[in-house]
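Novice: If you read the sequences in order, they're chains F and U.
Counting from 1, position 32 in the first sequence corresponds to residue 32 in the working numbering; the numbering is continuous, with no gaps.
Counting from 1, position 158 in the second sequence corresponds to residue 158 in the working numbering; the numbering is continuous, with no gaps.
Note that these hints are calculated values from the structure, not bench results.
Accuracy of the hints is not assured; some may be wrong.
Unchecked claim - Below, simulated BS3-like cross-link-like pairs (lysine-lysine); rule was C-alpha separation at most 27 angstroms, straight line:
1) U/Lys-120 <-> U/Lys-214
2) F/Lys-188 <-> F/Lys-162
3) F/Lys-188 <-> U/Lys-214
4) F/Lys-188 <-> F/Lys-94
5) F/Lys-162 <-> U/Lys-120
As the list claims (entries may be wrong) - Some, not all, of what chain U presents toward chain F, calculated at C-beta under 10 angstroms:
6) His-89
7) Ala-92
8) Arg-98
9) Leu-106
10) Ala-247
11) Gly-249
12) Leu-251
13) Arg-255
Unchecked claim - Over 12 angstroms on every C-beta distance to chain U, these chain F residues come out as not near it, computed from the model:
14) Asn-33
15) Ser-115
16) Phe-123
17) Thr-164
18) Leu-166
19) Met-173
20) Gly-184
21) Glu-213
For every residue, glycine included, the Cβ atom is placed at its ideal position computed from N, Cα and C.
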Amino acid sequence: MQLFWLSVGFGLVTASVLAVSAVGLSLQFGITNYINFAYGDFMALGAYFSYALNNELLHLNIWVATVCGSVGMGLFAVLVNHFILAPFARRFRKTFYVLIVTFGLSLVLLNLEYSIWGADVRFFNMPMDRAHHLGPILLTNAQLIVMGIAVLLMLGVHTLLKTTRLGKSMRAMSDNTSLAMTSGIDTKRITTITWFLSGTLAGLSGTVLGITEGNLTPAAGELFLFVIFAAVIVGGVGSIYGAMAGALLIGLATEISAAYINPAYKLDIAFVILILTLLVRPSGLFARPGKA
Amino acid sequence: MKSPATIGSSGGGAFGEAALRCEGVTKAFQGVHAVNGAGFDVPRGQVTALIGPNGAGKTTLVNILSGFMTCDRGREFIGATEVTNWPSHRIARMGLMRTFQLSRELGGLTVLENLLVAAKDQAGEVLWNIFLRPGMVRRQERDNIERALDLLETYGLYRLRDARASELSGGQKKLLEISRAVMAQPNILLLDEPMAGVNPALIDRIGGYILDLKRDGVTVLMVEHNLNVVERICDHVIVLAEGRTLAEGRLSGLRENEQVVKAYLGEVIDAGTVR
């Protein structure tokens with residue numbers, strides 16, 4: 001039983017990282033209508049930004065470095081959209097072409113990370129951690145902070161989408177871009193803001209993934225991207241709340257199964273859940289008209 | 001995109017009274033001219049009908065005027081400002097709003113939210129205002145909700161305010177479209193066949209709303225096939241045929257115009273639209 005509760009703890013931490021990253025991916029997909037296959041590399045690059053601030057350049061506290069690195073990744077995502085993706089999206093009506101561009105971008109970013117930081121495993125400079133018992137669940141300080149960040153962010157994204165004018169404009173655009181434009185919404189600006197938010201969430205989730213895993217490699221983001229896809233598709237593509245629910249389901253299921261089956265099958269478990277969901281409910285658990 | 005310019009005194013029509021003006025507008029699709037040199041003035045504060053046979057280019061013209069589509073040649077002015085080929089969100093911010101022939105709604109948003117996104121010049125649209133000026137953003141949002149609820153009451157949609165827009169009936173979607181356009185406090189309203197597919201009782205109601213808007217000073221340009229409606233609520237009629245302006249004036253006068261009767265009115269009378 002102790003093993004079960006231990007894995008629930010791990011599951012909640014994985015779900016937290018997954019929720020932040022899945023929401024970031026879904027926000028951007030809802031607005032631009034194409035999947036960013038370089039998202040995993042955005043995560044890794046954001047993590048390296050935080051790593052550089054924490055361990056190489058300014059030696060900032062890990063959490064301060066996390067915030068700065070994530071915002072830096074948000075700005076980087078805006079530039080990538082402005083100079084690379086948006087010109088392709090304007091030129092080609094079919095999003096398929098932009099999809100291929102994001103594949104290429106993924107390779108470029110991965111190799112950029114290798115050329116700057118090498119293939120060696122890197123570590124964040126973190127204070128000594130302590131474990132706490134929360135009922136039967138055992139969690140470290142860092143894991144608790146990561147879960148707290150995820151909960152706050154989910155509440156923040158919910159508030160943004162439901163109560164603010166900006167969020168409503170984003171949902172309107174996700175629903176029908178041309179109608180949103182005729183309602184006076186500046187869709188170009190909303191797209192830029194969305195890339196900023198998506199990039200920031202990618203950077204943040206990449207960094208907290210590195211913190212919870214205890215190490216950092218350029219390929220970490222790409223591997224995790226498959227789990228994010230599973231969470232996003234299980235929840236319902238483009239649905240923000242679906243992404244949150246999918247993250248919780250996949251996070252818990254992969255970690256609990258890892259306690260009883262070989263942990264090497266974690267990714268396989270995620271995809272079994274994905275296949276079962278698609279068989280029962282092809283559009284995902286929370287798919288509704290209007291993506292957000 | 002051309003920079004804003006002021007129109008000169010040359011050209012037809014009574015400048016100064018026109019809320020919206022287009023000159024020589026042309027649009028071709030793969031060599032076929034949908035609009036071919038159309039030009040007219042839409043008089044300020046009046047209800048103007050844009051009529052013409054199917055394929056005359058009415059909807060294409062509305063798409064161009066509302067920034068939904070760019071034109072190949074020609075110019076467009078809102079008041080004295082040239083807005084040729086501006087994107088639709090900038091045209092909307094100049095005070096020109098439109099509706100569609102087949103109602104379009106933001107289906108994933110509630111009826112109330114559909115109106116709220118159309119409110120103009122909102123501080124809450126800017127990311128940092130949400131954090132730096134939360135009081136102002138909240139105040140604006142509260143005022144908008146109040147105004148949106150008033151409009152929904154007027155248009156008979158109040159009890160549906162929290163329903164998803166995708167769940168509305170066809171007639172309710174028409175009313176939602178018009179109320180969303182009105183929420184933006186437009187100076188000019190382009191209505192693309194507002195009475196299409198609507199039952200007679202609702203036609204009367206929509207007609208009443210259009211006249212109310214006119215009383216509030218809104219300029220209306222509506223594409224309409226139902227000549228009874230045109231006769232009842234429109235002050236001015238523009239006839240479009242083969243992408244060009246064929247004639248303008250009051251409907252009673254146009255009935256005497258041989259060209260107009262030949263190109264359009266004869267066909268409509270034969271089809272029984274005018275009883």
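Novice: Hint by hint, say whether it matches the structure.
Specialist: How the hints compare with the structure:
Between U/Lys-120 and U/Lys-214 the CA atoms are separated by roughly 20 angstroms; this keeps the pair inside 27 angstroms, and the hint holds. Proposed proximity of F/Lys-188 and F/Lys-162 is supported: the alpha carbons are some 21 angstroms apart, at most 27 angstroms. A distance of roughly 33 angstroms separates the Cα atoms of F/Lys-188 and U/Lys-214; the hinted pair therefore is violated under the 27 angstroms criterion. In summary, the hint linking F/Lys-188 to F/Lys-94 is supported, as the alpha carbons are separated by about 18 angstroms, within the 27 angstroms threshold.
For the hint linking F/Lys-162 to U/Lys-120, the alpha-carbon distance of about 18 angstroms falls within 27 angstroms, and the restraint holds. Restraint check, U/His-89 versus chain F: the minimum CB separation of about 5 angstroms is within 10 angstroms; hint holds. Interface hint status for U/Ala-92: upheld, as the beta-carbon distance to the closest one in chain F is roughly 4 angstroms, under 10 angstroms. The criterion of a C-beta within 10 angstroms of any C-beta in chain F is met by U/Arg-98, whose closest approach is roughly 6 angstroms, and the hint holds.
For U/Leu-106, the shortest C-beta to C-beta distance to chain F is roughly 4 angstroms, which falls under 10 angstroms, so the interface hint holds. Here the hint on U/Ala-247 is broken, as its CB sits about 29 angstroms from the closest CB of chain F, past 10 angstroms. Hint status for U/Gly-249: violated, given a least beta-carbon distance of 30 angstroms to chain F, over 10 angstroms. Interface hint at U/Leu-251: violated, since its Cβ lies 29 angstroms from the closest Cβ of chain F, which is beyond the 10 angstroms cut-off.
Taking 10 angstroms as the C-beta contact cut-off toward chain F, the hint placing U/Arg-255 at the interface is violated, the least distance being around 34 angstroms. The non-interface label for F/Asn-33 is consistent with chain U: the shortest C-beta to C-beta separation is roughly 14 angstroms, beyond 12 angstroms. For F/Ser-115, the shortest C-beta to C-beta distance to chain U comes to about 33 angstroms, beyond the 12 angstroms cut-off, and the non-interface label holds. At the 12 angstroms boundary, the C-beta of F/Phe-123 stays outside the reach of chain U, the nearest C-beta of that chain being 33 angstroms off.
Not every Cβ of chain U is farther than 12 angstroms from the Cβ of F/Thr-164; the closest lies at roughly 5 angstroms, contradicting the non-interface assignment. For F/Leu-166, the non-interface assignment is contradicted: its Cβ lies about 6 angstroms from the closest Cβ of chain U, within the 12 angstroms cut-off. With 12 angstroms as the threshold on Cβ separation, the claim that F/Met-173 sits away from chain U is violated: the shortest Cβ distance comes to roughly 9 angstroms. A beta-carbon of chain U comes within 12 angstroms of the beta-carbon of F/Gly-184; the shortest separation is about 4 angstroms.
For F/Glu-213, the shortest C-beta to C-beta distance to chain U comes to about 31 angstroms, beyond the 12 angstroms cut-off, and the non-interface label holds.
Comparing the model with each numbered hint stated earlier shows that hints 3, 10, 11, 12, 13, 17, 18, 19 and 20 do not hold.
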